[in-house]
Amino acid sequence: MKLSLPMPADNQAAASGEAVKAVADARVSPSQHEGRRRSSRRRMRPSSLELASKQGRVPDRQPQMSAENGHNTGSRRTQRRDLVLAGLVALGLMAMFVAVQRGKVTTYDSKIALATARAITDGHLHLTRPTTTLDATCPTPITASGCPW
Amino acid sequence: MPLVILPLYLLQRALQVSPELLTSLASPLLLAASAALLYLCGRELGWSRRVSLAAGPVFGALTQALQSSQDLFSEPGVACATALLMVGMLRWRAGRPSDPWLVGSGLGAGLLFRSDAAVLLGVGLLLLPALVPWRRLLAERRAWLGLMLPILPVLAWTAWYSLRRDGSLVPAVYGGSFTTPLLEGLHGLLLSHGRSLLVYNPFLVLAVPGAVALWRRDRAATALLVVLVVVRPLFYARWNAWGGGVNWGPRFLMPSVGPLSLLAAYAASRVGRLRVGLRVPAALVVAGLVVVGGVVSVASVWVWAGASWKWRAYSPPGLEGQALRGFRAERRNGYIHSFTNNAIAFNLRHLAHDNPDIPLHHFRGGADPIGLIGLAVALLAPLASWVLGRPPRAPPSQTNHAPRTPTGAGALSGRSP
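Chain order of the listed sequences is A and B. If you read the first sequence in our numbering, its first letter stands for residue 25, the second for the next number, and so on. If you read the second sequence in our numbering, its first letter stands for residue 1057, the second for the next number, and so on.
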């Protein structure tokens, strides 16, 4: 036994739309009809990008590029907010580092760096020797600003 | 490093504050800047604000960077230069005109702190074609200018300084050589129980799954981060003092902590996307690593890092010859190769007792206002950034009808990491 239920208004509209499409389909050639079906299937199939997005394989925030110059066109407000947040990150860590500050320099290499800065202010670059027990074993006055070791 | 210390030293002299109180802020300034740059790196990688924010505290509080803030080594400067290089390269990929300058500045700053940066940061440039297409690289001549110009004054300064000091344009290398067998050094830096990277930075274990997860989404960026990490142990494994002497953890690997923090934060952010059965155990692992990392960090600053080195180098009076050599070898082996006698265990044993000189200046003999304010700001700033970093609400029309593409409203809102 077949039950017939009243069709909702939206479905009625959809059904009438389909009827119009069917009439239109009847006017085109079979090859055109097949082509349309293929393109319709193509539209229904999710793109590889959409699939990748669903699987979480692509970045959530791609850089937005303008076609003309290839430059990022992200809003200034977003960039300002990012700079504020970067500043807050730096502020929080700086505060923590200050809280755990030793306030004195004890290691050999640290003393050398400090001695060099002191020497530069005194105008003789590298002549201030650090006072550590390792001085005797150190082969050269290693107080460069850009030296490796 | 002296060039960073210089203004602080002048300020300290002008204000006549206690010796070395301001100059010892050089490393904190560089490390704080590194954390800010790591946040920007996260944003350039397309992560949400909150995931990007997590990289900063991971770097500053759960790694050896915290202890590095107490010294004036050049590694914090190199860490900052590394972060600058990463931000510059990622932004260059996005096509912003000023960002080759950031890459050049990163390289230049790295060279100023340590000349090994020519190799250890320069290797990152080899990946530039993976991030920016050749066609664009060849077309953007001003970009190359931006890349090179910041390096030239650094080379000029270093050469001039070296000429004034040693009579040679090339900076001299003092006392040391690449004589350690490669495998011995690699074992010490990466696997030893007393001196290796992950023992002193346990949270960074998560960088491994983080790198795998990021590789699936962004291979070029992952390769950049991983290369900047991997090249360091390969370079320093052969150095005769591969551990870095009197310091906390593997000193020369400290700059690689930045990229690893990014990857670890990313891995932690993916826990919510795991299957239901894995989610709880993974969250527990992350929480456990936070606790362990926190304990190691507290131990690193509460007891002076050099105290364990003194214990290691101690020679009992009256002991000579073979007996003395045996005693020293035993302590050295324990310090480098065991969990029970490494610097972390030493500091943990001395946290509560036998620690006559608490090294924290602002808490010695009771907390002073600067210490308390510092702690308060250290807690409040991350909270404020967490609130400010909340995902923006998408307009209802976009929420309902926006397509699920990576550049759709959902993706831009930062709801997913």
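If you're looking for bench data, these hints aren't it; they were derived computationally from the structure. Hints should not be assumed to be uniformly reliable.
[Said to hold, decoys possible] Distance windows between CB atoms, simulated:
1) VAL108(A) x LEU1066(B): 41 to 47 Å
2) GLY147(A) x GLY1422(B): 38 to 44 Å
3) GLY1328(B) x ARG101(A): 23 to 29 Å
[Said to hold, decoys possible] With the Cβ distance kept under 7 Å, some of the chain B side facing chain A (calculated, not the full set):
4) PRO1063
5) TYR1065
6) GLN1068
7) LEU1078
8) ASP1127
9) PRO1438
From a predicted model like this one, the values you see are computed outputs, not experimental measurements. Ideal Cβ positions, reconstructed from N, Cα and C, are used throughout, including at glycine.
task: With a cut-off of 7 Å on the beta carbons, see whether ASP1127(B) makes it to chain A.
output: 5 Å, holds
message: If I claimed the Cβ atoms of VAL108(A) and LEU1066(B) lie 41 to 47 Å apart, would that claim hold in this structure?
response: Roughly 30 Å apart at Cβ, these two residues miss the hinted range, so it is violated.
field: Restraint satisfaction for TYR1065(B) [CB to CB of chain A, less than 7 Å]
entry: Holds. Min distance 5 Å.
- request: Using 7 Å as the Cβ threshold, decide whether GLN1068(B) counts as touching chain A.
  value: 10 Å, violated
query: Under the criterion of a CB-CB separation shorter than 7 Å, is LEU1078(B) in contact with chain A as hinted?
result: 9 Å, violated
- request: Against chain A, run the beta carbon of PRO1438(B) and see if the smallest gap drops under 7 Å.
  value: The hint holds - PRO1438(B) has a Cβ within 7 Å of chain A, the shortest such distance being about 5 Å.
Outcome of range test on Cβ distance (GLY1328(B), ARG101(A); 23 to 29 Å): Distance hint for GLY1328(B), ARG101(A) holds at roughly 28 Å.
message: For the restraint on PRO1063(B), tell me whether the closest CB of chain A is nearer than 7 Å.
response: 9 Å, violated
- prompt: Is 38 to 44 Å a correct range for the gap between the Cβ atoms of GLY147(A) and GLY1422(B)?
  reply: Distance hint for GLY147(A), GLY1422(B) holds at roughly 41 Å.
Going through the hint list in order, the structure does not satisfy hints 1, 4, 6 and 7.
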